[in-house]
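Chains as they are written, first to last, in my numbering: chain G, 1 to 219; chain P, 1 to 960.
The hints are simulated quantities; they were obtained by calculation from the structure and are not laboratory data. One thing to keep in mind: the hints can contain errors.
Claimed, not checked - Lysine to any residue pairs mimicking SDA-like chemistry, simulated, CA-CA at most 20 Å apart:
1. P:K160 <-> G:E202
2. P:K527 <-> P:A144
3. P:K160 <-> G:G24
4. P:K160 <-> G:L149
5. P:K369 <-> P:K124
6. P:K158 <-> G:L140
7. P:K527 <-> P:P495
8. P:K158 <-> G:E202
9. G:K138 <-> P:A163
10. P:K874 <-> P:H856
11. P:K859 <-> P:A667
12. P:K261 <-> G:D153
13. P:K17 <-> P:T29
14. P:K353 <-> P:A329
15. P:K160 <-> G:L207
16. P:K124 <-> P:E518
17. P:K304 <-> P:K261
18. P:K158 <-> G:E206
19. P:K905 <-> P:H856
20. P:K261 <-> G:L149
21. P:K160 <-> G:E206
22. P:K496 <-> G:D153
23. P:K160 <-> G:Q26
24. P:K873 <-> P:A667
25. P:K805 <-> G:G24
26. P:K304 <-> P:E396
27. P:K160 <-> G:R152
28. P:K805 <-> G:Q26
Stated by the list, open to error - Incomplete in silico selection of chain G near chain P, CB under 7 Å:
29. K6
30. G59
31. V125
32. S144
33. E145
34. G190
A virtual CB, placed ideally from N, CA and C, is assigned to each residue, including glycine.
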Amino acid sequence: MTLMIKTTPVSYAPLAPSMGELNGMQVALRFDSESIENARKSVLGVTDVSCFQRFSIKGSQAASWLSAQGLALPPENNSWTQAAPDTLVLRLGASEYLVEDQYHGALCQRLRTFDQAATPGAYHVQRGDAAFVLSGSKVLDLLSELCMLDLRDSALPAHSVLMTQLAGISATLLRQQLNGETVFRIWCDGSYGPYLWGMLLEIAQELGGGAVGLSCHYQ
Amino acid sequence: MSMRLQKQNGEWISRDKPVRFSFEGKEYTGFEGDTITSALLAAGVKVLGRSFKYHRPRGVLSFANHDINVMVTDGKDTNIRGDVVALENGMQLQAVNTDGGVIKDKNSYIDKISPLLPVGFYYKAFHKPLFLFPFWEKLIRKSAGLGIVNFNFPRINKRKLNAHCDLLIIGAGPSGLAAALAAASNGLEVTLVDENQQIGGSLSYDHAGSDANRKLLGELLNKVNQTPNITVRKGAYAAGYYADHMVPVVEAGGITRVRAKAVIVATGVFEQPPVFRNNDLPGVMLGSAAQRLISRFAVKPFNKGVVVTANSQGYRVALDLLTAGAKVAALVDFRADGPRDPLAAELVRQGVKIHAGHCVYEVVPSADKLGVKAVVICPFDDSNNVVDTARSITVECDGVTMSAGWAPAAALLYQSGIGMDYDNTIQQFVPSRLPKGIFAAGRVNGVFSLENRVADGARAAAEVLRFLGKSAPEVAVGKHQGVSPSHAYPIVPHPKGKNFVDFDEDIQVKDFINAAQEGFDNIELMKRFTTVGMGPSQGKHSNMNAIRILARIRALPVEKIGTTTARPFFHPTPFGHLGGRSFHSHRLTGIHAWHEAANASFVDVGAWSRPAYYQKDGLGKQQLVQQEVMAVRQAAGIIDGGTLGKVEVCGPDAALFLERFYTGRYADQKVGESRYVLLLDDSGVIVDDGIASRLADELFYVTISTSNAAAVYREMQRWLQIWQLNVGLVNVTGVYGLINVAGPKSRDILQPLVALDLSNEAFPMGSARVTNIFGVPVRLVRVGFVAELAYEIHMPSAYALPMWKALMEAGANHGLRAFGTDAQRLLRLELGHHMPGYDTDGLTNPFEVGAESALHMDKPFFIGQRSLQIIAKKVLTKQLVPFTLAAGFSGEMPMDCNLVMENDKITGRVTSIAYSPSLRRVIGLAYVAPTQQALGTEFQIRTDNGSLVTATVVATPFNA
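Please model the complete structure; the sequences and the hints are all you need to start from.
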């Protein structure tokens with residue numbers, strides 16, 4: 001068992017949030033007071049959730065292995081479903097899946113028992129995502145600068161997963177409900193995390209929002 | 001003298017909000033809603049700019065958002081378009097392109113010598129004698145151009161957004177408004193854009209002395225305002241058409257890329273000037289310009305004017321002038337049957353003298369040459385283009401309006417791939433073939449009566465609905481009745497010229513005749529020789545007349561001449577808008593923050609930012625790099641290699657895949673072993689190299705050089721599709737961090753941290769194991785790229801920073817020091833390793849770099865193998881060799897890419913060269929001729945200053 005604490009791919013500087021640890025990773029819990037963050041969140045909040053647990057698998061037998069673990073899978077390519085109350089399953093293509101535990105989720109730990117050598121046709125895909133929650137009334141305004149796709153409710157079915165370009169980099173995006181609010185989730189390669197965090201924050205701040213800590217969404 | 005009128009019904013200005021500004025040093029007051037031009041004209045200022053070439057005084061021409069002679073600077077920004085940009089408090093404006101101000105421009109003498117400066121004169125005049133060309137070039141560059149670029153212009157972020165809708169309608173005149181209402185009432189989400197600050201198009205200014213159009217506009221606007229699924233963007237121009245119905249819409253705050261399921265182009269028409277002598281003087285303007293001034297900005301264009309017309313529009317203009325209180329001294333109609341116009345009787349009733357079958361032969365300038373004194377009117381046979389100057393009359397006036405016809409504002413239609421035919425009944429190009437999802441409506445579609453324009457908008461909307469799979473009834477649109485709205489040839493010849501066709505570039509009728517005589521009688525050639533349509537307005541007021549003139553010269557119908565290419569952008573667009581926010585995506589490793597804190601100097605490698613070396617006070621770059629090198633040679637160094645490409649090749653066919661993809665052999669590679677990989681392209685050229693570590697029977701972990709990672713992974717995916725092997729590829733480049741600990745003390749540092757035996761016997765070069773360091777699962781690989789003893793530690797990237805810090809702490813007592821890419825390149829050079837991309841180019845094959853040992857030609861197949869079989873039978877033309885300079889060399893230091901010479905012949909080039917602190921001499925790699933490759937051979941390197949330096953071919957690894 002390692003005593004090392006993982007670092008988020010996101011660089012918070014020059015902000016100095018109060019930090020905490022979740023799933024063995026350091027993460028920003030608060031950037032400001034609760035009232036300020038709540039106000040920010042309602043306009044345009046950007047939250048780093050890179051610390052969520054993830055398990056990804058691909059290959060012709062990926063679906064059957066996941067099903068054998070009792071997971072309900074999205075029936076269509078590029079769609080997502082809620083496999084458990086606190087776990088999302090994203091189907092990233094015909095034969096690739098990303099399982100992500102939300103704040104209280106605990107499914108991924110069990111899935112990590114996957115034995116690639118004993119499972120022909122299924123390959124474990126290591127993840128090192130930078131992941132974000134975007135919330136607030138101006139989230140579409142922000143995304144309209146970063147993404148050329150139509151992300152309005154009328155154009156984006158509720159359980160769609162978009163694998164697209166955001167600010168010039170490859171990213172995965174979906175819309176979900178979080179505590180009764182509509183939010184957008186974004187994943188990108190962790191090495192692009194500092195860049196995307198910076199762009200999201202720059203635009204969010206221009207639009208009256210800003211960084212929101214994990215505690216603002218999850219307790 | 002103020003030219004501001006009493007309040008006009010529907011005017012765009014807010015009279016309760018005065019705006020103070022200055023122009024050319026004088027203070028003025030306008031109103032909120034004014035443009036710079038309208039405010040100046042309202043203040044009685046007539047000369048607003050100077051022409052580009054001859055520096056002739058100019059005023060308003062079209063007032064239709066492309067008046068290029070009214071461009072100003074506020075000292076910070078330049079070429080501010082006076083007819084478009086809204087007036088702001090405190091503006092301090094100067095006209096561009098003058099020397100001494102717009103009234104006393106010192107360059108106005110150029111107009112007097114204009115006969116010496118016909119179009120094309122500088123093509124012919126300044127290329128010989130050759131030695132004088134730099135002088136002329138300097139002079140022309142100084143004289144040319146409009147405003148002066150402010151290189152200290154502040155960066156102002158202009159957002160570039162994306163938006164979507166069912167239907168995008170460009171142009172909010174009667175057709176566009178009707179189309180929007182019809183489409184929206186059937187449930188479509190409509191975006192309606194118009195370049196003007198208010199929507200309504202000609203309904204907002206073309207009244208012919210009546211209120212009917214205002215009433216119709218009010219009704220349409222009321223409906224639009226009550227229709228929630230219509231989004232109106234005012235002050236927004238559609239800048240171009242791109243594939244999949246993507247139209248960038250430019251507004252003051254930035255660009256929005258609107259993507260629509262269908263597009264209706266209802267952009268209307270540009271009014272075209274008739275051509276006669278001095279048609280460019282301040283006070284001479286298009287009829288629609290005068291109407292816009294009156295109705296939108298409550299500005300009287302002049303006090304007593306002459307209306308020149310070659311169509312019915314002039315009659316409407318005359319009535320609007322009269323309503324505004326201007327006197328109409330005469331209406332001059334090119335057409336003999338003009339007075340049959342229904343509005344003629346009303347003009348006569350109001351006392352306007354109509355000169356049918358006449359032309360304005362010339363405008364007589366005022367004494368100061370800055371305005372209009374009178375016009376000379378002559379009988380005119382417009383069919384045969386003959387002027388009867390013997391019966392001329394002179395009419396005094398201070399202004400002239402011109403109405404001769406229209407040209408379709410069809411730039412976006414052309415860009416969408418439309419086909420156009422010339423319709424002789426209206427003397428206009430009209431759409432004959434439209435791409436899918438593109439529709440045209442209104443005057444751009446050749447529909448002119450107001451009733452028909454409204455119907456045509458509804459017709460286009462119905463077609464859009466059917467295109468989108470909805471039902472919609474057919475909408476009938478009446479055919480054009482009566483005389484043509486455009487004159488077939490509104491050009492009045494004059495022996496003294498100055499009858500301008502293109503006001504951007506001061507091009508006269510004779511310039512076209514001369515161009516044709518010189519053989520430039522194709523419209524595209526003529527455009528380039530005369531520069532017609534190449535100014536800021538891009539031919540909006542000149543291209544149609546140019547086509548007519550060329551058609552007349554060549555005695556061809558207009559449709560045989562064709563049109564020039566319409567390219568984006570539709571209006572001049574600031575670079576700041578095009579740039580938008582800077583999205584310079586870049587990748588950082590998990591250790592980046594440590595590098596920053598350690599004062600690293602960074603270098604971009606592909607998308608990554610990597611430490612080149614670590615800065616320390618008082619030491620130069622070379623000194624620091626050499627210190628880092630010595631640390632690796634004498635103790636230990638540590639480098640962040642997380643940027644390397646990393647791919648897992650999984651599955652039963654993983655080894656077979658690598659055998660085909662790379663030149664080496666992998667089927668017999670043992671688990672726990674790593675091997676060199678060399679990738680070629682089909683022609684046998686070196687693409688990349690790296691290491692493949694076999695971590696399990698069906699799992700290889702392959703590294704790729706940093707800058708090639710994405711391309712090589714794409715190639716892997718492509719070949720896997722072709723070969724259809726049972727393989728899974730997982731790109732883990734960003735997922736894994738990589739730390740390389742190198743140097744004689746590296747084992748001492750690592751051994752206490754791992755359970756493995758790292759001795760040479762137990763963990764020799766080429767070993768690869770999965771193990772733990774500080775409890776973190778890592779992939780440990782023994783490599784020899786920068787040092788004989790070196791270990792790559794691959795771990796999940798989230799652990800890279802704590803791992804790095806822990807290793808630094810563990811190595812502190814062993815002299816462990818961080819090193820960057822500069823030291824890395826020198827370290828590998830000392831070992832004689834070539835680097836693809838540095839020591840190879842897009843033509844280098846493995847034989848030329850001595851990489852035969854990496855080739856397993858006896859394999860059934862690998863990429864590039866067949867090419868190598870052919871290349872192997874040919875004689876080599878170059879060979880990469882290691883070399884040294886003489887010990888203690890102190891001359892001009894050769895550089896990378898310096899040439900290798902043999903007598904006066906170039907035989908190769910240096911690819912890498914550096915002073916090695918550990919070897920205490922200059923070492924390098926260079927391509928030489930095969931005759932120069934033998935050990936001990938001396939060859940010459942030509943340095944940047946031309947001196948020759950002697951180098952000697954040696955063996956690697958280099959020795960002191």
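Status of the hints after comparison with the structure:
no.	hint	result
1	P:K160 <-> G:E202	holds (14 Å)
2	P:K527 <-> P:A144	holds (19 Å)
3	P:K160 <-> G:G24	violated (39 Å)
4	P:K160 <-> G:L149	holds (14 Å)
5	P:K369 <-> P:K124	violated (31 Å)
6	P:K158 <-> G:L140	holds (18 Å)
7	P:K527 <-> P:P495	violated (23 Å)
8	P:K158 <-> G:E202	holds (13 Å)
9	G:K138 <-> P:A163	holds (14 Å)
10	P:K874 <-> P:H856	holds (19 Å)
11	P:K859 <-> P:A667	holds (11 Å)
12	P:K261 <-> G:D153	holds (17 Å)
13	P:K17 <-> P:T29	holds (10 Å)
14	P:K353 <-> P:A329	holds (7 Å)
15	P:K160 <-> G:L207	holds (14 Å)
16	P:K124 <-> P:E518	holds (12 Å)
17	P:K304 <-> P:K261	violated (50 Å)
18	P:K158 <-> G:E206	holds (12 Å)
19	P:K905 <-> P:H856	violated (35 Å)
20	P:K261 <-> G:L149	holds (13 Å)
21	P:K160 <-> G:E206	holds (14 Å)
22	P:K496 <-> G:D153	violated (66 Å)
23	P:K160 <-> G:Q26	violated (35 Å)
24	P:K873 <-> P:A667	violated (28 Å)
25	P:K805 <-> G:G24	holds (17 Å)
26	P:K304 <-> P:E396	holds (8 Å)
27	P:K160 <-> G:R152	holds (18 Å)
28	P:K805 <-> G:Q26	holds (16 Å)
29	K6	holds (4 Å)
30	G59	holds (5 Å)
31	V125	holds (5 Å)
32	S144	holds (5 Å)
33	E145	holds (5 Å)
34	G190	holds (5 Å)
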